Amino acid sequence: MIGFDAILNSFAAALHYESIAIILGGVLLGYIVGVIPGLNRAVAIAIAIPLTFYMSAYAAIAFLIGLSKGTAAGSAVSAILLNTPGEPSSAATCLDGYPMASSGKPRKALKVGLLASVIGDLLATLLLIAVAIPFASVALKFGPYELAAILIFALVFIAGMAGGSFLKGLAAGGMGVILGTVGLDPETGAMRLTFGFAELMEGVPILPLVIGTLALAEMFVQLDEYRRNKDASVIKLGKNADDDLSYQEFKGTLPTIFKSTGVGAFVGALPGLGPSVGAFMAYGLAKRSAKDPDSFGKGNPNGIAAAEASDNAVIPASYIPLFGLGIPGSVSAALLVGAFMIHGIQVGPLMLRDHPEMLFTLFSGMIVASLLMLAVGWYGLRIFARVTSVPPHIVISVVIFLCLAGIQVQGYGTFGLVTVFVFAIFGYFLKKFDYSFVTFLVAFIVTPMLEMNLRQSVILSGGEFSILLERPIALAFVVFTVLMVLHLGWTSYRRWMQARHKAKQV
Amino acid sequence: MKMKLLSTAVLSAAMAFGVAGQAQANDFPSKPLTLVVGFGAGGSTDIQARVLANVLEENLGQPVNVVNQPGAGGAVSLTRLMHNQDEGHTFVYAGTNGTLTFAPHAHDTEFSLDDFRYVASITTVQHALVTGENRPFGDSWEDLLDYARENPGTSYATQHALDRLVIEYIMEQEGLDLRIVPTSGGAGMAPLILSGDVDFAYSGGTHSGYADTGEMPVLLGMDGERLFAFPDAPTVMEAGYDLDTSDFRVVVVPKNTPDAHVERLAEALEAATQDERFIEITEERILMPVHFRGEEEATEMLHAQSENYRQLLENMGGVPEDD
Chain A
1 MIGFDAILNS FAAALHYESI AIILGGVLLG YIVGVIPGLN RAVAIAIAIP
51 LTFYMSAYAA IAFLIGLSKG TAAGSAVSAI LLNTPGEPSS AATCLDGYPM
101 ASSGKPRKAL KVGLLASVIG DLLATLLLIA VAIPFASVAL KFGPYELAAI
151 LIFALVFIAG MAGGSFLKGL AAGGMGVILG TVGLDPETGA MRLTFGFAEL
201 MEGVPILPLV IGTLALAEMF VQLDEYRRNK DASVIKLGKN ADDDLSYQEF
251 KGTLPTIFKS TGVGAFVGAL PGLGPSVGAF MAYGLAKRSA KDPDSFGKGN
301 PNGIAAAEAS DNAVIPASYI PLFGLGIPGS VSAALLVGAF MIHGIQVGPL
351 MLRDHPEMLF TLFSGMIVAS LLMLAVGWYG LRIFARVTSV PPHIVISVVI
401 FLCLAGIQVQ GYGTFGLVTV FVFAIFGYFL KKFDYSFVTF LVAFIVTPML
451 EMNLRQSVIL SGGEFSILLE RPIALAFVVF TVLMVLHLGW TSYRRWMQAR
501 HKAKQV
Chain B
1 MKMKLLSTAV LSAAMAFGVA GQAQANDFPS KPLTLVVGFG AGGSTDIQAR
51 VLANVLEENL GQPVNVVNQP GAGGAVSLTR LMHNQDEGHT FVYAGTNGTL
101 TFAPHAHDTE FSLDDFRYVA SITTVQHALV TGENRPFGDS WEDLLDYARE
151 NPGTSYATQH ALDRLVIEYI MEQEGLDLRI VPTSGGAGMA PLILSGDVDF
201 AYSGGTHSGY ADTGEMPVLL GMDGERLFAF PDAPTVMEAG YDLDTSDFRV
251 VVVPKNTPDA HVERLAEALE AATQDERFIE ITEERILMPV HFRGEEEATE
301 MLHAQSENYR QLLENMGGVP EDD
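Same order as they appear, the protein sequences are chains A and B.
Letter 437 of the first sequence, counting from 1, is numbered 437 in full-length UniProt numbering, and no numbers are missing.
Letter 202 of the second sequence, counting from 1, is numbered 202 in full-length UniProt numbering, and no numbers are missing.
These are calculated hints, taken from the structure and not from any lab test.
Model, not experiment: these values are computed from the prediction.
Incorrect hints may have been included.
Stated by the list, open to error - Example chain B residues on the side facing chain A (calculated, C-beta under 8 Å, incomplete):
{"hint": "1", "residue": "71"}
{"hint": "2", "residue": "135"}
{"hint": "3", "residue": "183"}
Backbone N, C-alpha and C fix where the C-beta goes; we use that ideal spot for every residue, glycine too.
All chains should be built: construct the whole structure from the sequences, respecting the hints.
Set out below in structure tokens:
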């Protein structure tokens with residue numbers, strides 16, 4: 001077992017100026033990739049892996065971890081300033097970030113986002129260090145039954161949070177579910193809704209879909225607004241006294257940040273759910289437990305804090321099953337396994353036995369990366385906030401170019417470009433007619449996971465509902481879901497009654 | 001006189017260019033090469049390909065760019081390669097099993113085995129049927145069969161149409177009644193096995209990472225030879241099933257690639273399979289044996305396997321139709 005001295009030594013190694021420089025390089029590169037809507041974390045890591053061939057194992061991994069963390073912080077910037085998430089998982093950040101920025105407080109929005117990111121990331125990293133090895137096996141208690149129950153709960157919870165017209169929400173969710181079922185049937189291998197395109201066999205590729213519906217469509221909407229009104233869509237970065245984050249305001253978001261970090265860490269520790277689910281769940285929780293839920297979506301700092309804290313907490317937490325059990329909990333975790341492999345380290349429970357110094361150096365590197373993220377983000381936001389003073393016709397065309405280039409870089413080819421445009425048009429109308437893209441996106445992301453886990457549960461149990469009695473965690477989530485549905489039904493009934501009452505009085 | 005000199009000059013220039021032109025044909029590669037991986041970045045194929053690209057670059061004297069073209073288990077990259085006119089400057093590093101020898105029979109792929117040339121096969125996939133620790137049947141295939149006969153509803157996790165077909169064939173041969181659960185990739189399979197939710201499963205290579213801990217013992221190796229990291233587990237053939245489930249990684253070029261180019265690539269690949277870096281990453285990290293087989297041998301193996309799958313599919317009544 002590793003001694004205290006060794007742990008201290010590993011921290012000293014992480015604080016060496018060379019390591020700091022390497023991590024800083026990773027964070028900076030990641031931050032830039034994160035800001036650019038078309039490029040995402042997985043691509044950044046994949047492209048950086050060959051760069052790390054010539055580094056030492058520690059430097060390579062530290063670089064990649066810095067990169068991975070940097071993207072998460074950077075993606076909030078474009079979500080807030082341009083309403084185009086740099087990463088799919090920052091979609092939730094747009095909800096309050098962009099309204100706040102467009103109401104003349106871009107700096108404040110960026111700062112809330114950054115602080116929430118760093119705190120969420122740091123706390124989840126500490127959690128990882130504390131529980132990775134001893135408690136990783138708890139994740140195994142979450143089998144197909146539990147995951148299916150949690151996913152159904154998440155779907156209902158997030159759909160309930162989106163608000164707006166119930167029927168429009170249902171329609172948007174339905175579209176997401178239908179698109180989520182495209183591809184090979186997981187059980188029979190039959191093709192579903194592929195219309196003969198081999199490219200669709202593994203489902204509608206998520207990146208072109210997200211870039212199309214969120215980023216490109218948003219650019220179309222802004223272009224539309226710009227054409228009508230040359231001044232409206234520009235976020236003014238003036239000397240607005242209100243455009244800074246006071247300590248009081250920051251303190252006000254802390255409870256949300258802590259709660260959301262908890263949600264993110266929980267979602268991250270379970271293999272396969274991913275940061276998008278985490279961010280939206282945290283956002284939903286924050287909105288639901290807030291005293292003023294109606295202010296969400298209109299620039300509430302708690303909305304930004306919830307989405308960002310959870311999004312960033314998912315990443316370190318997804319390394320819990322990775323280091324504890326050897327199961328990558330997210331795409332970026334899977335890529336890191338590859339990078340470790342290249343440098344001769346088998347990721348998994350044996351790491352503590354075979355490379356304990358590596359593991360602890362890594363942990364300390366992660367903490368250093370969190371702090372550097374704060375520094376890079378703090379200075380970065382000053383620079384990036386200036387994007388708002390660039391004329392929109394330049395910003396819009398650059399973003400469109402980057403979106404399309406990103407798709408091309410990732411090897412989707414012509415098919416990817418067509419997909420992006422189809423979804424851009426689709427997303428444009430979603431936005432124009434006020435359909436909830438949150439419900440659509442979450443339904444799309446959750447459907448394949450839910451289908452897989454539900455089918456596994458049904459087959460494994462032989463179709464017996466009584467299996468739930470043997471799986472208390474799954475049962476608990478089923479009960480939560482039922483309560484949630486009842487609650488949603490009751491509140492909308494009451495609202496409807498109130499509206500009718502008012503109408504009568506008038 | 002001047003005229004004559006000029007014409008001589010022109011002639012000699014033409015000759016020089018003619019020679020140069022000829023030399024160019026032998027001077028393959030004359031521009032940067034593209035190594036296409038039919039999967040997303042970060043998987044074992046991708047990692048191998050990136051190291052391979054580094055090694056090939058030195059041998060071929062041209063940059064080798066790795067490009068990921070994910071989709072349909074590698075079929076998308078091959079469909080695109082089919083129409084490629086790059087004369088060997090673009091090649092796919094592909095898995096054979098499933099994509100090349102099985103998919104054309106099972107699914108409606110645009111390509112068939114005859115649409116490509118197979119420059120060489122360089123590594124062998126170590127896939128297997130695996131189980132977890134402390135199972136009532138231990139880690140022996142025979143005991144699993146006994147256990148599954150006594151306990152209908154023993155569960156198996158499948159990842160592809162191919163391994164499902166294999167397990168259905170085994171069910172029929174052994175008279176078993178299994179619950180077949182779908183899952184995707186090693187990351188989906190590992191939690192099911194480690195938690196004990198599923199009794200045994202197909203694994204494309206994830207088990208190699210657990211070779212030292214013994215958390216994922218191998219019941220049956222699915223390569224033609226016994227697995228590298230699990231020499232005690234019998235192979236599918238040794239267990240008495242007449243199935244060629246071996247899986248190689250081959251370098252594929254379009255049918256119309258000139259012989260000289262294929263030969264030059266094969267030469268570079270053979271050198272790569274002797275390169276320390278490639279051997280280290282493949283054998284010691286990914287735990288796949290490096291084994292060079294030239295075009296003739298590789299093509300022969302692929303055709304034999306393709307025929308084997310065709311017959312199996314015929315016997316089993318094919319894969320489910322889409323309707």
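Quick check on the hint: residue 183/B CB to chain A CB, less than 8 Å? The hint holds - residue 183/B has a Cβ within 8 Å of chain A, the shortest such distance being about 7 Å.
Interface hint check: residue 135/B, Cβ to nearest Cβ on chain A, cutoff 8 Å. Holds or violated? This hint is violated: residue 135/B lies away from chain A, its Cβ roughly 15 Å from the closest one there, beyond 8 Å.
Per-residue hint verdict: residue 71/B, partner chain A, C-beta under 8 Å: holds, 5 Å
The structure fails to meet hint 2 from the earlier list, while all remaining hints are met.
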